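From first to last, the protein sequence lines are chains A and B.
So the first sequence is numbered by UniProt numbering: it starts at 1 and just counts up by one.
So the second sequence is numbered by UniProt numbering: it starts at 1 and just counts up by one.
Calculated directly from the structure, the hints in this document are not laboratory data.
Remember, it's a predicted structure, so these values are computed and weren't measured experimentally.
The beta carbon of each residue, even a glycine, is placed where N, CA and C say it ideally should be.
A few of these clues could be false.
[Unchecked claim] Partial chain B-side listing against chain A, Cβ under 8 Å, derived: (1) 129; (2) 132; (3) 190; (4) 191; (5) 194; (6) 195; (7) 201; (8) 202; (9) 203; (10) 204; (11) 232; (12) 261; (13) 262.
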Amino acid sequence: MTHPHAPPLLAIRGLSKAFLGVQALDGVDFTLRHGEVHALLGENGAGKSTLIKTLTGVYQRDGGTIALCGEEIAPRSVEDAQRLNIGTVYQEVNLLPNLSVAENLFLGRQPMRFGLVDRAAMRRRARVILDGYGLSIDVAAPLQRFSVATQQIVAIARAVDMSAKVLILDEPTASLDAQEVAVLFDVMRGLKARGIGIVFVTHFLDQVYAVCDRITVLRNGRLVGERRAADLPRLDLVAMMLGRELEAASHRLAQPEEIDDSRPPLVRFQGFGKTRSVAPFDLDIRPGEVVGLAGLLGSGRTETARLAFGVDRADSGSVTVDGEKTQLRGPREAVRLGFGYCPEDRKKEGIVGALSVRENIILALQARQGWLKPIPRRRQQEIADRFIRLLDIRTPDAERPIQLLSGGNQQKALLARWLATEPRFLILDEPTRGIDVGAHAEIIRLIERLCADGMALLVVSSELEEIVAYSRRVIVLRDRHHVDVLRGEDVSVERIVASIASESPPSPVPPSPVAEVRP
Amino acid sequence: MIQRFLPLIVTMAVLVVGFLLCAAQFPNFASLRVVGNLLTDNAFVGIAAAGMTFVILSGGIDLSVGAVIGFTTVLLAVLIEQAGIHPMVAFALALIVGAGFGAAMGAVIHWFQMPPFIVTLAGMFIARGVSFVLTTDSLPINHPLYSDLNEVAWRFSGGGRLSLPAMLLLGVFALSMLLAHWTRFGANIYALGGNRHSAELMGVPVARTTVGVYALSGLLAGLAGIVFSLYTGAGYSLAATGVELDTITAVVIGGTQLTGGYGLVLGTFGGVLIQGLIQTYITFDGTMSSWWTKIAIGVLLFVFILLQKGLLAVWSDRDGDPAEA
Chain A
1 MTHPHAPPLL
11 AIRGLSKAFL
21 GVQALDGVDF
31 TLRHGEVHAL
41 LGENGAGKST
51 LIKTLTGVYQ
61 RDGGTIALCG
71 EEIAPRSVED
81 AQRLNIGTVY
91 QEVNLLPNLS
101 VAENLFLGRQ
111 PMRFGLVDRA
121 AMRRRARVIL
131 DGYGLSIDVA
141 APLQRFSVAT
151 QQIVAIARAV
161 DMSAKVLILD
171 EPTASLDAQE
181 VAVLFDVMRG
191 LKARGIGIVF
201 VTHFLDQVYA
211 VCDRITVLRN
221 GRLVGERRAA
231 DLPRLDLVAM
241 MLGRELEAAS
251 HRLAQPEEID
261 DSRPPLVRFQ
271 GFGKTRSVAP
281 FDLDIRPGEV
291 VGLAGLLGSG
301 RTETARLAFG
311 VDRADSGSVT
321 VDGEKTQLRG
331 PREAVRLGFG
341 YCPEDRKKEG
351 IVGALSVREN
361 IILALQARQG
371 WLKPIPRRRQ
381 QEIADRFIRL
391 LDIRTPDAER
401 PIQLLSGGNQ
411 QKALLARWLA
421 TEPRFLILDE
431 PTRGIDVGAH
441 AEIIRLIERL
451 CADGMALLVV
461 SSELEEIVAY
471 SRRVIVLRDR
481 HHVDVLRGED
491 VSVERIVASI
501 ASESPPSPVP
511 PSPVAEVRP
Chain B
1 MIQRFLPLIV
11 TMAVLVVGFL
21 LCAAQFPNFA
31 SLRVVGNLLT
41 DNAFVGIAAA
51 GMTFVILSGG
61 IDLSVGAVIG
71 FTTVLLAVLI
81 EQAGIHPMVA
91 FALALIVGAG
101 FGAAMGAVIH
111 WFQMPPFIVT
121 LAGMFIARGV
131 SFVLTTDSLP
141 INHPLYSDLN
151 EVAWRFSGGG
161 RLSLPAMLLL
171 GVFALSMLLA
181 HWTRFGANIY
191 ALGGNRHSAE
201 LMGVPVARTT
211 VGVYALSGLL
221 AGLAGIVFSL
231 YTGAGYSLAA
241 TGVELDTITA
251 VVIGGTQLTG
261 GYGLVLGTFG
271 GVLIQGLIQT
281 YITFDGTMSS
291 WWTKIAIGVL
301 LFVFILLQKG
311 LLAVWSDRDG
321 DPAEA
């Protein structure tokens with residue numbers, strides 16, 4: 001279906017976009033040809049969503065050109081982009097669950113007769129369209145009666161029917177199961193055969209290789225490269241995404257002291273998992289041990305952390321703390337057991353912006369003690385001052401609203417919140433995200449100090465060097481499965497990258513350190 | 001399909017069963033005269049409730065309805081009796097003022113992103129307050145056209161009559177159903193009530209639809225005010241106090257969800273008649289306090305809300321059924 005001499009379907013050249021001085025896109029090129037599925041890949045902050053939003057008219061570009069079939073375009077709104085034949089389907093199905101399937105397909109462009117909506121014609125045409133996708137459903141039934149996959153296909157059918165040239169699929173498979181993904185891929189292949197160009201954003205490498213012709217990788221707002229999927233080994237792809245020079249040696253900054261594996265673990269998860277979130281996994285953590293969780297975005301890292309703290313309820317497996325089986329019914333229970341959790345998105349889930357640094361620090365301690373027994377103000381002050389000194393939180397005083405602090409200092413205050421409860425098991429999700437280099441090193445030093453004090457730590461990070469630096473063991477996740485455990489000499493950036501990229505189908509029960517302990 | 005119509009079926013079943021029970025107790029109940037009076041007596045509430053249905057379907061609320069009805073009666077009395085304007089011209093002016101007032105509230109709700117509850121609450125106070133400024137007394141309207149219009153009726157044998165207000169009520173509901181289910185504006189209202197953000201992404205003209213919905217509610221409240229003025233033959237600033245709550249009740253008993261997006265205009269018609277039926281029953285009985293009407297309606301409202309919750313739970317169980325794919 002490709003026409004070598006015709007202009008490409010979509011040609012983006014030198015696209016730039018900045019937000020408040022942060023360069024989200026910096027001279028990015030992207031080319032979409034007729035009848036191809038083109039993966040757009042990159043980790044957090046790579047610029048994928050900015051690129052898509054610029055393309056669909058949500059954002060206006062600062063510089064560069066976008067040409068559709070050789071003609072320059074500048075979409076100003078979503079409707080504008082639709083008129084230009086660029087349609088988008090998001091992960092969250094943006095349709096109306098209360099309307100019928102037919103109404104969803106034709107909203108705003110219903111067939112009319114005598115000035116009124118011709119409902120019979122609308123249903124008829126809806127059936128014809130969906131037949132083309134192998135979907136024979138009751139088009140008069142409300143959309144909410146159908147599975148997410150069906151809704152996704154209806155969304156695609158609407159987008160294609162309205163604008164039949166460029167289709168952007170933004171993580172359409174994130175909430176689908178394997179069978180539903182297969183159906184979606186058939187639909188994509190069908191559209192490809194009709195000459196439609198599809199931009200496919202996903203975090204699942206298996207899916208990239210299953211359905212894509214070409215791959216474009218972005219990192220930190222810059223183009224890393226465009227390759228044919230067939231010519232790009234997985235290892236190279238992961239390296240492109242993570243930005244690692246595989247030749248460069250990486251050293252472990254500090255060798256954590258040896259810990260006796262035969263000692264009973266502090267926390268033991270067995271067959272712990274949640275459907276559609278993380279496949280059941282086994283995990284032992286001993287006092288003084290740092291376990292790193294590595295994997296690409298969407299691989300189940302954060303989900304594992306949330307399960308371990310009881311934010312999400314596991315639907316299989318058990319938890320043993322200090323040799324005693326317990327129920328992890330929720331964060332309150334976790335706090336009672338001596339767990340702590342610093343979430344990834346500290347703005348949304350961590351800090352309470354309008355409260356002072358002191359109030360933020362004592363929050364977890366007070367919650368554990370119960371709100372009926374307020375901590376005396378003097379004691380609060382002491383705790384806050386101690387941690388401000390200990391962690392070097394830069395604030396004029398403890399009464400300053402925490403939202404006025406820099407990201408790194410907010411992160412340290414969050415850490416202080418949990419340290420104040422003197423946890424035995426602390427879960428850190430991306431502890432160094434979005435903070436400056438100096439604070440970065442401090443947080444890493446702090447992690448090392450904490451585990452030297454006998455605390456057990458589970459740390460999620462996309463900074464592989466960092467994980468390698470402090471982890472005694474690294475668990476590698478892929479497609480929501482714990483696929484590998486690296487220990488000792490194997491803990492290196494190269495091994496982690498190789499493990500993320502390896503192609504073997506994820507085993508239902510990952511290799512586990514527990515197996516070695518059992519007699 | 002049955003799911004969509006289930007609340008309507010329940011409402012209509014309650015109406016029919018209620019009517020049969022009344023007829024069983026009072027031999028004169030099952031007559032065209034009673035049915036005709038039921039429609040006439042509830043015409044102004046019904047017309048306003050039709051407008052309220054659209055507002056609630058779009059995910060909003062309009063608390064100004066009763067005040068706009070009261071204001072319209074006062075405006076008509078002042079225009080006709082004090083300014084000497086012909087009633088037909090006064091009617092047209094009242095409709096324009098009602099629609100304009102609604103449109104203004106819709107505009108504030110949309111462009112200032114204010115909650116409809118607060119905006120229409122303010123609208124309620126303004127409309128009621130302006131009525132009091134115009135007059136605190138009950139002003140009778142003595143124009144001959146009023147008595148002529150009150151004579152307009154389609155008479156049946158046995159003393160039953162379909163009065164002008166009743167005809168207007170039926171006409172408004174017929175047009176409202178057409179508007180809700182056979183026009184793009186209607187589809188956009190449902191879309192807005194389903195999910196505002198998605199509707200916007202799907203290209204629904206959110207501003208136009210929001211302003212239109214409140215303008216429609218204001219227009220119908222104005223029409224309800226005209227009907228009320230015909231019905232009572234006077235303009236009074238305290239008229240129709242609390243009618244906005246009666247209309248909301250009718251909409252909910254009619255099976256429309258307060259959160260928007262689900263419901264049928266015809267259900268509201270049933271809801272209005274159920275309320276009227278209870279009132280009529282108590283009039284027939286003659287010994288009961290009329291406050292029993294409120295108690296009965298309160299209980300009924302409660303039952304219907306629970307019923308909706310139950311239906312929703314059944315629906316969401318069906319969600320994610322992979323067999324459909």
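Here is how each hint holds up against the structure:
Of the supplied interface hints, the one on residue 129 of chain B is violated, with its beta-carbon coming no nearer than about 37 Å to a beta-carbon of chain A, more than 8 Å. A least Cβ separation of about 41 Å between residue 132 of chain B and chain A goes past the 8 Å threshold, and the interface hint is therefore violated. Look at residue 190 of chain B: its Cβ gets to within about 6 Å of chain A, closer than 8 Å, so that hint holds up. Interface restraint check: residue 191 of chain B against chain A, minimum CB-CB distance 5 Å, threshold 8 Å, status holds.
Contact between residue 194 of chain B and chain A, as hinted, is supported at the beta carbon level, the nearest pair being about 4 Å apart and thus within 8 Å. Taking 8 Å as the C-beta contact cut-off toward chain A, the hint placing residue 195 of chain B at the interface holds, the least distance being around 6 Å. A cut of 8 Å between beta carbons decides the hint on residue 201 of chain B: the least distance to chain A is about 5 Å, and the hint holds. About 5 Å separates the beta-carbon of residue 202 of chain B from the nearest beta-carbon of chain A, less than 8 Å, and the hint is met.
Residue-level restraint check for residue 203 of chain B holds (minimum Cβ-Cβ distance to chain A is 5 Å; threshold 8 Å). Taken as an interface hint, residue 204 of chain B checks out: its beta carbon lies about 6 Å from the nearest beta carbon of chain A, inside 8 Å. The interface hint given for residue 232 of chain B is broken, as the beta carbon of that residue sits about 37 Å from the closest beta carbon of chain A, more than 8 Å. Among the interface hints, the one on residue 261 of chain B holds; its C-beta lies about 4 Å from the nearest C-beta in chain A, closer than the 8 Å criterion.
Residue-level restraint check for residue 262 of chain B holds (minimum Cβ-Cβ distance to chain A is 5 Å; threshold 8 Å).
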